[in-house]
Amino acid sequence: MSTRWAFAVITLVMLALAGCGGADSAVPAATPGSTAPADATPTQPVAIRFSMQAGDAPITCAQGAAALGLSQNGVQFNDLRFYVSNVALVDSAGAVVPMRLEQDGMWQSGVTALLDFEDGTAGCVDAGNTEMNTVISGTVAEGDYTGIQFDLGIPAPDNHQDVTVAPSPLNLPALWWSWQGGYKFVRIDMKIDMKTEGQAGAPTGGAWFVHLGSTGCASANEAAAPTTACLRPNLATIRLNGFDPAQNTIVADMASFLAQVDLSQSTPMPPGCMAGADDPDCIALFPAFGLDIATGACVEAGCPTQTLFRVE
Amino acid sequence: MRQTEMRHSLITAAGIALALVGLAVVGMGVVKVVRTSQVDGAVALAPSALETQIAQAQAVQAVQPVLPAQSAQGSAIALPPGFPPLRVADDNPPTPAGIELGRHLFYDVRLSGNGTQSCSSCHIQALAFSDGKALPTGSTGEAILRNSPALVNVGYNATLTWANPALTTIEQQALIPLFAEFPVELGATGHEDEILARLAADADYRARFAAAFPNQSDPVTWHNTVLALASFVRSLVSGNSAYDRYIAGDAGALSAAAQRGMQSFFGERFECHHCHGGFNFSASTVHANSTFGASNFQNNGLYNVDGAGGYPMGNRGLYEITGVASDMGRFRPPSLRNVELTAPYMHDGSIATLEAVLQHYAQGGTVTASGPNAGDGSANPYKSPLVPGFEVTDQEAADLVAFLKSLTDEDFITNPAFSNPFAP
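Protein chains in written order, with my numbering: chain A, 1 to 312; chain B, 1 to 424.
Hint data in this document are derived by calculation from the structure and do not stem from the laboratory. Keep in mind the model is a prediction, meaning the values are calculated, not measured. Note that beta-carbon positions come from the ideal geometry of N, C-alpha and C, so glycine has one too. Fair warning: there could be bad hints in the mix.
Said to hold, decoys possible - If you want the footprint, here are the derived chain A segments under chain B, 3+ residues with CB under 8 Å:
1. 88 to 97
2. 167 to 176
3. 297 to 305
Claimed, not checked - Computed beta-carbon distance windows for the label pairs:
4. ASP262(A) x GLY249(B): 39 to 49 Å
5. ASN114(B) x ALA220(A): 54 to 64 Å
6. ASP262(A) x GLU181(B): 53 to 63 Å
7. LEU70(A) x VAL367(B): 30 to 40 Å
8. PRO287(A) x ALA369(B): 26 to 36 Å
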């Protein structure tokens, strides 16, 4: 493991040094429809900090949660990653001002960034890796900002490409279904501590997955990208007020997110919710994204009914 | 080509410039690299090597990722459409002369201590460079504990062998079948000078080494032998199956059954693609544009010998390296390209057919009824949560097998460039 860790460090050093060389040399070719916003002047640097917690307690691959969901089960986390795109700050007048992401060749590409709270240890060895990222960084036009808006996921034009040649961080097979289905916007893999042995309807092996992505994406086959929009984009636009990037952190809270879901139960195939519109596990979970499971759009603009994110 | 007790030994042979990445298990679960190669740029961590890697990373970054490896790396290895550029060690760029030398060495029994086996003894082209046996036998008759893996697109493997996170290049891996003593494979240890003398006595080899490694006064070395072998194995690229033709637009390339099987394979009911996805049908895949670690080891519920998740001694997977309990039974998911040809399956060759492999996954693991390995693998506590078991109809199973057989690449197994140069 240490060689891999060392290599990761070298990679990061290489990328950091490469980034010093030429201003925009590392900017990958943008995909149509997802180009970063044009330079606005003057700008200020901005860093958006994220945290994943269960209530007030941080969660990691090694540090699970004591009691989550309707039946208050203990949970271990085997994956903790999600994509965020089209980040914008909202000023006191209500204007939505796009943030320009630093093109770092690793965590941010075009308008999309990956937040990664797993380190490949403990239960995360199945799909994870050592690298982690908890901050989105870039620039925004100077202003007085009081809120933030972002999409939870990847814009459709970037969502159906070949993971093996896509720019980082869209190059992770563990976060990709297929050309047809696109990426897993959210991957939260859980292992549920079943309080009652042999409980009817319990998830097999305690596995409970949360894989959010677009569904109803029609194409010739799984290895072909859709030529029309997916029936249910499932791209939640999250709007949070009272957010000052210098002071606040955006918390993805598993306690509030899973509050209305009974983790001691799961219909099989798949265990948990993999975004299926007719999966009872998803029907129970989708309101927490603020999404209408039938349409794949926000129940109301700004997905105000979501319970995943809050400002702290 | 297998992982063995080799990792605990040091190579001391005169004339060997390469040193194995030795592993020492320090305490519980801490793996420490105690020695890295001084000459292999892929693992050397010296500042000068770092600078070289930075320069190369910048060079690669300037190239569009869709360009084939030839332009990105000056590689002599042609890649199929859609394949990303190979990650290649800094000091071993593939060249036609190096690959051709490696082909000769790969097929040459003079490379074994007693002159009875070559790499090709256990890696047969017609079988996608597997050997059709559950477990092979080394050159001195010793039993090998692990199935001879197919050599298909292994240049893309995040790690080499069945379960060793430290073996990240073919150059490192090639030392194992050559020099391993516990058990002996090719048995070169103790015959190092003798084997080099055999090669150096052959005018054809002298010319081939000189062509592959120009400007060296004495190019017939173990280091160059390993580099050439690695280049040949890296050149074993397969990407022209019926499946490839289908996704390239030839709708008639797949039967209706294979097309149905493909939908199932990539679907969420059977979960196949989580471990066997991507262009190489393996989650353990890296290439020149990779940015994240991609090593991948999974416990698929094959054994449970003690009811506590144990695997048979000597075949306990990643646990053998790390000593971490939860690494018990974790093995690298291999590429499924040409899987039709690589039976029997699993790290120990214990499952005979593709149909039986599907049955294994449908049951969520294998129950061994009796004998020393008896136990219910499906109840292994370290099993991947993506192997919960599923219901599958006979039709669906037949469709999945039809799809897996569509990954067979006839060009790969008949390509003269990969064939035995000593064949009459």
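Establish whether the coverage given for the stretch 88 to 97 of chain A by chain B is satisfied; the threshold is a Cβ-Cβ distance below 8 Å, and no fewer than three residues must meet it. It is violated, with 0 qualifying residues against the three required.
If you count the residues of the stretch 297 to 305 of chain A with a beta-carbon closer than 8 Å to a beta-carbon of chain B, do you get 3 or more? violated (count 0)
Are ASN114(B) and ALA220(A) spaced within 54 to 64 Å by their CB atoms? holds, 55 Å
Falls inside 30 to 40 Å, the C-beta gap from LEU70(A) to VAL367(B)? About 35 Å separates the Cβ atoms of LEU70(A) and VAL367(B), which means 30 to 40 Å holds.
PRO287(A) and ALA369(B), beta-carbon distance inside 26 to 36 Å? violated, 47 Å
Do the Cβ positions of ASP262(A) and GLY249(B) conform to the proposed distance bound of 39 to 49 Å? holds, 46 Å
Test coverage of the stretch 167 to 176 of chain A by chain B using CB-CB distances below 8 Å; three residues minimum. holds (count 8)
Is 53 to 63 Å respected by the C-beta to C-beta distance linking ASP262(A) and GLU181(B)? holds, 56 Å
Checked against the numbered hints above, the structure breaks hints 1, 3 and 8 and satisfies the rest.
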